[in-house]
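**Student:** From just these sequences and the hints, can you work out the full model?
If you're matching them up, the sequences are chains A and B in order.
Following our numbering, the residues of the first sequence are numbered contiguously, the last one being 265.
Following our numbering, the residues of the second sequence are numbered contiguously, the last one being 472.
Keep in mind that the hints were calculated from the coordinates and are not lab data.
Owing to the predicted nature of the structure, the values given are computational and were not obtained by experimental measurement.
Positions of the beta carbon are idealized from the N, C-alpha and C atoms, including for glycine.
Wrong hints could be hidden among the right ones.
[Unchecked claim] Computed from the model, here is a short list of chain B residues facing chain A with C-beta under 7 angstroms:
(1) N285
(2) Y357
(3) V375
(4) R462
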Amino acid sequence: MKKKRIIPVFLLNNLQLVQSRNFKCFESIGNPFLSLKRFSEWMVDELIYLNITRVKNSEHEKKEIKNFTKLIQEISKYNFIPITIGGKIKELKQIYNYLENGADKIAINSFAYKKPKFINKAAKEFGSQCIVVSIDVKKIKKEYKVFIDNGSTNTNMNLHTWVDIVQSEGAGEILINSIDRDGSKTGYDFKILEKLKKKIKIPLIFCGGVGHWKDFKKALCRKEIDAVAAANIFHHFDQSDYLAKDYLINQNIKNIRPPKFFDLK
Amino acid sequence: MKKKICIVNYGCGNTKSIENALKFLGYNAFISNQVKDIKKSTHLILPGVGSFSNAMAKIKLNLNLKIIEKEVFEKNKPILGICVGMQIMSSYGFEFKKTKGLNWIDGSVVKMKNKPNIVPEVGWNNLTIHLKKNKLFEKIDESDYFYFVHSFNFKTLKKKEILASTNYNDKYTSIINKKNIVGVQFHPEKSQSSGLRLLKNFVENFK
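**Tutor:** Have a look at this one:
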């Protein structure tokens, strides 16, 4: 039976692992490599790396992307895990470069909104399976609106409208993150899904607000959610991925892969 | 004899990840499309991501297929196709348009059934192993998980060539094998200890 995925998200600010709250405050919580090693030992299902560094100018951006590429190169040398990379993706060449260095999937956010045809171009070049469209949403007067540029710009487009476009342009997966719930520890906002339930035709990764492993339990029971993701909570405890899965298995959740230690047999 | 594994580079596939996995296992692995590298290798790996038609177009553009077929069919060199690399070993693919495959193994590649679960299938799934004594399954059983990302399946009428199948909306071929040719629908290089073991079995047990 195919299992639903539990995905830790690594937010990287100037190559430092950080925790975030409402997309605003960042607090450094350590070295991305040490943390990765633990996830790798407990055979995590998948990882998402998002480069959230606010770049000052194009020179800075170039340097950032170069450093980030090096990081991926290092990560993929010793970890045999599916990895999604996102942040500042604007060119096919950049996608090619990340994939070449060990990434499996690419998350596109702001640029996809600015140039929806880019989703299609990227999907045609690298295959739909490779293109994840990442969407940040915020509730404004009872409607979920799509925000871009690290959550700083309201596009005024409704989430469900954007999801339609993203799917028709050929995205392979959708990652939805709630800005309101980010770092709040109050659980997922399932109301986001109300207008999406019948629309979703591709795997949906749900993110934002997890404060307890039981939040995963609720999400894993939803038919329209294919994978659950979280950032902060996974970096607060040692062996967090193991603890999450162990809790869920004990709660009789059967649609996940049980925790297992990496052992070459 | 020392193993030398050539990851065939035709501009379509996550070659680096495969190289990393093989190097981690201690093998001499290299990414190349050069005739001399293909000839000197003991094993070949045919990667592939994206669409069937794109992979076939790139293969024709970047590879000397005659040399590879000579290695595979005359010298019986073991070759492992991964994901789309497995799919293009079939006779035909139907992604976007009907496209001729390499026609190494009888069969065609067709769209997955899309109910009740959404397509593509993305995530971890098990195998139903049909030929347990095959040397690819040393220390691997039905409790092992592998990482799948696909919307199309390899369909064949030759049941004997299906080593393992997997369930997602329907039962489909997850490992195919004809003599020295092996194809896997999942990504062993991304399947942690189970995937690495399978790669090791391919290199050690197929000669």
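**Student:** Each hint: holds or not?
**Tutor:** Hint by hint, here is what the structure shows:
1. N285: 5 angstroms, holds
2. Y357: Check failed: Cβ of Y357/B comes no nearer than 19 angstroms to chain A, outside 7 angstroms.
3. V375: Given a least distance of 17 angstroms, the restraint on V375/B is violated.
4. R462: 5 angstroms, holds
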